[in-house]
Amino acid sequence: MALNKARLEQAVTLSQQDFDHFAGISGDHNPIHVDPQYASVTRFGATVSHGMLLFSHLRALIARSWPGATLSMQELMFPAPAYAGEELTMIVEARQQDDLFTTRVIKADGSVCLEGLARIHSAEENTP
1 MALNKARLEQ AVTLSQQDFD HFAGISGDHN PIHVDPQYAS VTRFGATVSH
51 GMLLFSHLRA LIARSWPGAT LSMQELMFPA PAYAGEELTM IVEARQQDDL
101 FTTRVIKADG SVCLEGLARI HSAEENTP
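Just so you know, the sequence shown maps onto residues 1 to 128 in full-length UniProt numbering.
Hints listed in this document are in silico derivations from the structure and should not be mistaken for laboratory results.
For each residue, glycine too, the CB sits at the ideal point set by N, CA and C.
Treat the hints with caution; some may be incorrect.
What follows is a list of derived Cβ distance ranges for each label pair [what the hints assert, rightly or not]: (1) Ala123 - Tyr38: 17 to 27 Å; (2) Asp98 - Gly45: 34 to 44 Å; (3) Ala123 - Asn30: 30 to 40 Å; (4) Val41 - Ser72: 33 to 43 Å.
All chains should be built: construct the whole structure from the sequences, respecting the hints.
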């Protein structure tokens with residue numbers, strides 16, 4: 001698949017166990033991610049995903065779809081929380097006007113919990 005005309009999409013549902021495992025791997029044990037009792041009294045009302053856990057799923061989608069592809073740049077924003085048990089849609093899409101890709105994670109209600117840009121190079125571009 002040519003990277004410059006591509007759109008990747010995948011549904012993912014993260015669990016509290018996913019949040020806990022990511023905390024163990026990353027060392028980010030912020031209670032907003034791993035302590036349901038603490039998180040229940042915050043403005044979010046429940047635990048929320050680590051932003052980089054969301055991006056890790058996007059990165060894995062890229063790796064599965066385009067073996068050998070690399071990222072040379074990424075910009076990310078997290079405008080809405082992603083909760084355990086929510087169905088999320090991971091999207092990576094080539095932009096027409098340049099060599100960047102939009103990255104988005106969208107909730108079932110249409111709100112965006114991750115949006116960004118990435119520069120992705122195909123395996124052929126990475127060959128010296």
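Hint check:
no.	hint	result
1	Ala123 - Tyr38: 17 to 27 Å	violated (44 Å)
2	Asp98 - Gly45: 34 to 44 Å	holds (39 Å)
3	Ala123 - Asn30: 30 to 40 Å	holds (36 Å)
4	Val41 - Ser72: 33 to 43 Å	holds (41 Å)
In summary, the structure is inconsistent with hint 1 from the numbered list given earlier, while agreeing with all the others.
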